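J.: What follows is each chain in one-letter form.
There are 2 protein chains.
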Amino acid sequence: MVVVGSVAYDGVETPHGKVDRMLGGACTYIALSASFFTQPKIVAVVGDDFAQEDYDLLASRGIDLAGLERVPGKTFFWAGVYSQDMNDRETLTTDLNVFATFDPKLPESYKTAPYLLLGNIQPTLQKAVKAQMNSSGLRFVGGDTMNYWIADHRADLLKTIAEWDFLLINDSEARMLSGENNLRKAAAKITSMGPSTLVIKRGEHGAILWHGDTHFMVPGYLLDDVFDPTGAGDCFAGGFMGYVAGQGLDLRGGKVEASELRRAVIYGSVMGSFCCERFGVDRFRTLTRREIDGRFEEFKAFTSF
Amino acid sequence: MVVVGSVAYDGVETPHGKVDRMLGGACTYIALSASFFTQPKIVAVVGDDFAQEDYDLLASRGIDLAGLERVPGKTFFWAGVYSQDMNDRETLTTDLNVFATFDPKLPESYKTAPYLLLGNIQPTLQKAVKAQMNSSGLRFVGGDTMNYWIADHRADLLKTIAEWDFLLINDSEARMLSGENNLRKAAAKITSMGPSTLVIKRGEHGAILWHGDTHFMVPGYLLDDVFDPTGAGDCFAGGFMGYVAGQGLDLRGGKVEASELRRAVIYGSVMGSFCCERFGVDRFRTLTRREIDGRFEEFKAFTSF
Numbered sequence: 005m006v007v008v009g010s011v012a013y014d015g016v017e018t019p020h021g022k023v024d025r026m027l028g029g030a031c032t033y034i035a036l037s038a039s040f041f042t043q044p045k046i047v048a049v050v051g052d053d054f055a056q057e058d059y060d061l062l063a064s065r066g067i068d069l070a071g072l073e074r075v076p077g078k079t080f081f082w083a084g085v086y087s088q089d090m091n092d093r094e095t096l097t098t099d100l101n102v103f104a105t106f107d108p109k110l111p112e113s114y115k116t117a118p119y120l121l122l123g124n125i126q127p128t129l130q131k132a133v134k135a136q137m138n139s140s141g142l143r144f145v146g147g148d149t150m151n152y153w154i155a156d157h158r159a160d161l162l163k164t165i166a167e168w169d170f171l172l173i174n175d176s177e178a179r180m181l182s183g184e185n186n187l188r189k190a191a192a193k194i195t196s197m198g199p200s201t202l203v204i205k206r207g208e209h210g211a212i213l214w215h216g217d218t219h220f221m222v223p224g225y226l227l228d229d230v231f232d233p234t235g236a237g238d239c240f241a242g243g244f245m246g247y248v249a250g251q252g253l254d255l256r257g258g259k260v261e262a263s264e265l266r267r268a269v270i271y272g273s274v275m276g277s278f279c280c281e282r283f284g285v286d287r288f289r290t291l292t293r294r295e296i297d298g299r300f301e302e303f304k305a306f307t308s309f
Numbered sequence: 005m006v007v008v009g010s011v012a013y014d015g016v017e018t019p020h021g022k023v024d025r026m027l028g029g030a031c032t033y034i035a036l037s038a039s040f041f042t043q044p045k046i047v048a049v050v051g052d053d054f055a056q057e058d059y060d061l062l063a064s065r066g067i068d069l070a071g072l073e074r075v076p077g078k079t080f081f082w083a084g085v086y087s088q089d090m091n092d093r094e095t096l097t098t099d100l101n102v103f104a105t106f107d108p109k110l111p112e113s114y115k116t117a118p119y120l121l122l123g124n125i126q127p128t129l130q131k132a133v134k135a136q137m138n139s140s141g142l143r144f145v146g147g148d149t150m151n152y153w154i155a156d157h158r159a160d161l162l163k164t165i166a167e168w169d170f171l172l173i174n175d176s177e178a179r180m181l182s183g184e185n186n187l188r189k190a191a192a193k194i195t196s197m198g199p200s201t202l203v204i205k206r207g208e209h210g211a212i213l214w215h216g217d218t219h220f221m222v223p224g225y226l227l228d229d230v231f232d233p234t235g236a237g238d239c240f241a242g243g244f245m246g247y248v249a250g251q252g253l254d255l256r257g258g259k260v261e262a263s264e265l266r267r268a269v270i271y272g273s274v275m276g277s278f279c280c281e282r283f284g285v286d287r288f289r290t291l292t293r294r295e296i297d298g299r300f301e302e303f304k305a306f307t308s309f
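Top to bottom, those sequences are chains H and F.
Every letter in the first sequence is one number past the one before it in my numbering, and letter 100, counting from 1, is 104.
Every letter in the second sequence is one number past the one before it in my numbering, and letter 188, counting from 1, is 192.
Just chain H, same shape as in the assembly (with noise of 0.2 angstroms):
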């Protein structure tokens, strides 16, 4: 599986607490969430300061980074500050630094894999990198982006995910690229524009999976408290897709139960729920499968009549 996106550090504030930088990034926390599933290869760019221990500690989990370039200049950085209830966030800093020219590259060893996910960046680049992948050996291609791209890159954007077969957004982004208020309308919209298979995330209130002619809800994880949400989406991303990787899921050739993909997507909420309960990646550094497997059947037992 192949992650392509953003590794940075970022400074962020919430009522539990206050880190001026720490690792961060979306491609940071896919690959940490996929990681528990299978072994993603990154594709990212970091400057001359990214430290040795968030290498080591990416190595650790056992994540390829031969795709991770490193170049002279200083690593993506953002800041951000959360509301009281932390449904909102005001960004204080973007500085894009290196990655302002972040021109992706794949490795050779990183062409023939089967899986393709695409982080929130420009359209352009998410359409370039899948051009480079072996396309007889893909599986299951898909990604992410954001409302920037959706307003002011439409036609890229459109370009880019007519040939995905999954797209993974928020509900604000889904009402946006679809036009639509109400969901049902939206999503069929949304898969009238290439990918067969759509996630819209709510945040607190789960996600709800279109596939084929059915559709599948979860509710959100509730956490005692909630230390900081940066990165649970994109840990939502890793686990839903780390979880299609490492069953070896065969979308393209259309082998896929719909069930699979049910429990792709509560592996998915597993992992946005864990990400929460720490600053950053910090509760990775000692999650267990065992601990992700213990929540999957909490998901059963507090959603099942």
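One copy or two, either will do: identical chains are not told apart, so a pair holds if it fits within one copy or between any two.
Here are the simulated lysine to aspartate or glutamate pairs, DMTMM-like style, with alpha carbons at most 25 angstroms apart:
1) Lys189 to Glu295
2) Lys189 to Asp160
3) Lys304 to Asp217
4) Lys163 to Asp107
5) Lys189 to Asp89
6) Lys78 to Asp58
7) Lys163 to Asp254
8) Lys193 to Asp228
9) Lys189 to Glu17
10) Lys193 to Asp89
11) Lys193 to Glu281
Derived by calculation from the structure, the hints in this document are not laboratory data.
Bear in mind the structure is a predicted one, so any value in this text is a computation, not a measurement.
Following the hints, put chain F in place on chain H, whose structure we already have.
T.: What follows is chain F alone, placed relative to chain H:
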């Protein structure tokens, strides 16, 4: 099952249309919804303008109207307008009329009913109604409240719900009543106030049931079109309590399976979803138990994994 609350006329405007005056009120919605599971007995007051056709609709659903008092004056009138996405509404008119001096008196034939659902009225009135019931026969007593009573009649409200078995409120009310933003913590505080069973309604995001040491979460049904959300929460309450009463569940005797309460929450969700499909109470003119059970199965289909 006895239901106490408002019977009213409503004026409603939504993005789908406008109705100047139609049957409404919490007691009306609760009773119509519950009538698909049991024979509710209502306690309410109307003015001499209350139309025969509205009386006939309630009677046609088998609702016991012995406690529907008719007094000189006008029936409670409420009017409001919904926002484009229907997540907000603005009240335009609240004419309490005969409801201002509502002093609920239970007919003798009501006092031995095992189930009591206290709609959203002044807490001291809710308490006075419960005091009129033959307490030895009660199996499940509870109700609803709202932000106004929580903020301005808190002491009365706490005395009232201390005697209840269940409380059924929305998420913002749960946060306000408990002083906790986190719903797990809010639920723990509220269940320590008296009600051992708590249902938190989350509008389009579904509902959460707390009972015993566990909780149960259900997502909201995705409608193709929401015509008019007025009364959806009351229909939830009516479906929930109607199912409990129809099954004869004895929660004070302590012989109830948690799975039965989960089914009650699903039936509540089903009835709330049907309510939104037409203006006012119109959906209940044609709804059948077969459609209700069909949607119950849909909930199973889109939530199981």
